[in-house]
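A.B. asks: Chain by chain, the residues:
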Amino acid sequence: MSVNLPPAAGGPTGDLTPGGSPAPDPASGGLLPGTTGTVVAAGPGRDDGGPVKGTSVWKDAFLRLRRNPAAIAGAVIVALFLLVAVLAPLIAPYPGEAVPGAREITPGHIPGPGELPQFPLGLDRFGGDVLSKLIWGAQSSLMIGVVSTALGLAGGMVLGLLAGAFGGWVDGVVMRIVDILLSVPNLLLAVSIAAVLGQGPYAVMIAIGVSQVPIFARLLRSSMLSQKSADYVLAAQTLGLSRRTITMSHVLPNSVGPVIVQATLTLATAVIDAAALSFLGLGGGRPETAEWGRMLTYAQSELGIAPWLAFLPGLCIAVTALGFTLLGESLREALDPKSRAR
Amino acid sequence: MSGMGDVRAEDERTPRVEPEPLLQIRDLQVDFTTMHGSVRAVEDASLSLEAGRTLAVVGESGSGKSTTAMAAIGLLAGNGKVTGGSIRFNGQDLVGLPESRMRDIRGRQIGLVPQDPMSNLNPVSRIGTQVAETLLTHRLATRRDVDARVVEVLEAAGIPEAGRRSRQYPHELSGGLRQRALIAVALACRPRLLIADEPTSALDVTVQQVILDQIEQMTQELGTAILLITHDLGLAAERAQDLVVMHRGKVVESGPAAQLLEDPQHPYTRSLVRAAPSVAAVRLAPEAFTGARGEDHPAPAQREGHPGARPLPDGGTAGALPASAPVRAEDGRGWGRGAGADTEPLVTITDLTKVYPVRGGDDFYAARNVSLEIPRGTTVSIVGESGSGKTTTARMLLRLIEPTSGSITFDGRDVLTLDRRELRDFRQRVQAVFQDPYSSLNPMFTVGRIIEEPLIAYKRGGARERRDRVVELMDQVALPSSMHRRYPAELSGGQRQRVAIARALALRPELIVCDEPVSALDVLVQDQILTLLGDLQQELGLSYLFISHDLAVVRLISDYVCVMKDGELVEAATSEEIFTNPRHAYTRRLLASIPGNELGIETGVA
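Sequence lines, in order, name chains A and B.
Taken in order, the first sequence gives residues 188 to 529; the numbers are from the numbering used here.
Taken in order, the second sequence gives residues 6 to 611; the numbers are from the numbering used here.
Because the hints were derived from the structure by calculation, they are not lab data.
No residue lacks a Cβ here, since even glycine has one placed at the ideal position from N, Cα and C.
Don't take every hint at face value.
Unchecked claim - Computed beta-carbon distance windows for the label pairs: (1) Val360(B) with Gly359(A): 51 to 59 Å; (2) Gly392(B) with Arg363(A): 34 to 42 Å; (3) Glu427(B) with Phe353(A): 22 to 30 Å; (4) Arg454(B) with Leu269(A): 32 to 40 Å.
What the hints assert, rightly or not - Here's a subset of chain A near chain B, in silico, CB distances under 10 Å, partners left out: (5) Ser243; (6) Asp247; (7) Ala285; (8) Gln424; (9) Leu426; (10) Met435; (11) His437.
Sequences and hints are given; from them, build the entire structure.
C.D. replies: This is how it looks when you write it as structure tokens:
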């Protein structure tokens, strides 16, 4: 039933956004003889009779997401790829690094999609099954994307929280650290980390994660600063609540919305970045490793005779990124207080 | 259009019979498509406005008054649509008119003065450029003479040094000047109809009046009719000949202003007239206050002779309440200073000053030598316009801002030197209610959690006792207890303010600082909240420090009033004294600016 509750609009823009105009209070000393009753009854969704479970900001956002076709499309894409990634061992015809079709490869010819029934999407130049590699590639690409974003989110939240909660010199120091991080080129960072840790997926994850830290740190900080000036923080201060309580249970929960949205959007770029870094060979592994970016690297030399080797992994990267972007943008819209009135 | 200046006076005597009014809205119906389906914002609204006259549409937020006006000018929000009725302007139906034709009418024949002058001017463009834009669009000036015309138009709107101002950006102008610039834009093309949508709601009272006078004077000269949209019945009655009252999308009553005020027919109009603070301004149920509290609480004994005059000594000087205030002989008692210890005021503020250093300039005094007392069980108000230092003073008392100098004592103890434990005690005895109920409640918490929070913070009782207390508190502020699982976003403004009050009451405080608690609310709700505050005071023996810019509201609730201007206290006296015999020139000006005020302040002007 809470689906039917309109978010009480009204307020400053009440006149122009008549989505469930606030009824006069159903209370206090019969000021409106005759009208009070009817007014309350007429109020849409105003059912004061029984105990009503309210709709929280997140629940409301979820309800909005459910009605947004773009969000549904994004969610379906993301869910599909996640499912494929998780079920890879079950659904992939061959192991990721296997080269079952090595004998089918002849110089100057690589069997393409549909040519051989046992390799529906064709073979790569090592004789690996492209379908299997795409499926296993989904696993490693998503893994790199999720882990690196989680790293960036964790680091960024800690720095942002420090800066936003303490302000003053702490803010100054933290933000300068963030500036330094921001000034190091992404690629250079990845190369240096790879130089230290050796080439491999961890280097890629850490490199992408670290490069995301500044985004999250700045976002959380600015979001917290704007929330800190809200009156409910003032009210909490007059209640004498400790700074810790105010920060952790009032300011922070109200500030994470934009950060979550950004994280969803960042997943998309992380998948692309991961592909880019693997493309450059920083992801380590052997040439036949199933990873979308890595697949693109070896597709280059065969572009003339086997274009699908570039096209199929590229499509996977683009569609995954699109899925996360659609989801992130819809989430931003759903959490936007301005669009909540509608 | 000759003799338009006299039209108003003439019309008040004999309603002119015209074949067709300038603007006639018939059975207008406006729907908005929302996530929850279609919502009807305006239903069967009809009104007519004749050339040169002023018609006010009065209603609360959400009543459809602005929507009606926006429909008339073809500027409904994207999801809004006129689904029925007709809007005839100057013999032409505007409903369904193509946008290109509508654009010609808009600005050229119908002008609009929007509500918020802060957001309705383009911040990156000079004032003059924005006026010139209108003139050029409607070919009322050429590239060559546009600068001169701009200055002319700005001057007509009462902007001093128009030439210099036209080269300035909006942020360099005060709110009043910006609104004048918008009026200049709206009237630049000498439209036949001016729609003024809450033209002064965002401005200080003293500025409000000047702006309204300016609109009135200019439209009279041009013979322009005004459609005035306002929530303020007093203002509407003062400025318009005819009123239309809207409620929940419908026109509930319409007619000549005087008649509507004196003899309202519809119950809603009646409640509106009764609730309008500027029309019926007396202290809410003063007998109840003195009577009931005289027994339960020893403190307000000095209030018995309250309606009489107990002026402060020399109310005209700053810092009107020195601690050693001489006591008026005829009265035997000063303000809150009786004999015995229990009549000692709850709060004494002495010479409180807050200075903000300004880089490369004179220091800014947010408050300077403010002294006042809050006797137990009474309401002391601080009135002033924005920037007067009233909120700064209140926040210093709440220990949210550290004062530069001066002292505050609460119940005999110095507030400024409290140690950690004492401050904790102080926080429990002094609570606050803030202006904007839309931002003073944490949107992530349920109502129950918000009210319970102080109880948790100070470990008052176990989970069960706290829950009982929350129910009790919700009952006290007349909120159904079924609401405790709702979120603030699902409540109306008045309900939210009740939640805020319940939270303030949770720890059974002695003093509540109310910082503009009703200024964000509709008139009727305002009235309910003020009544609630009054009832609670009577019931619980609370003392209030009430901050407001609105003298009319202050009069309804205050025992004592302090008037602040530019950080200084210019006058302080009992409520009656301030309203019947204001001494300081600024107080008189404030009083005179209450729209539709019927307070015989002429007697006070010596």
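A.B. asks: Run every hint past the structure and note whether it holds.
C.D. replies: Results of checking the hints against the structure:
1. Val360(B) with Gly359(A): 51 to 59 Å: Cβ of valine 360(B) to Cβ of glycine 359(A): about 26 Å, so the range 51 to 59 Å is violated.
2. Gly392(B) with Arg363(A): 34 to 42 Å: Given about 36 Å between the Cβ atoms, the range holds.
3. Glu427(B) with Phe353(A): 22 to 30 Å: 26 Å, holds
4. Arg454(B) with Leu269(A): 32 to 40 Å: Between arginine 454(B) and leucine 269(A), where Cβ atoms are some 34 Å apart, the hint holds.
5. Ser243: Holds. Min distance 6 Å.
6. Asp247: 8 Å, holds
7. Ala285: 51 Å, violated
8. Gln424: 6 Å, holds
9. Leu426: This interface hint holds because 5 Å falls under the 10 Å limit.
10. Met435: Cβ of methionine 435(A) sits 12 Å from chain B, so the hint is violated.
11. His437: This interface hint holds because 5 Å falls under the 10 Å limit.
The earlier numbered hints that this structure contradicts are 1, 7 and 10.
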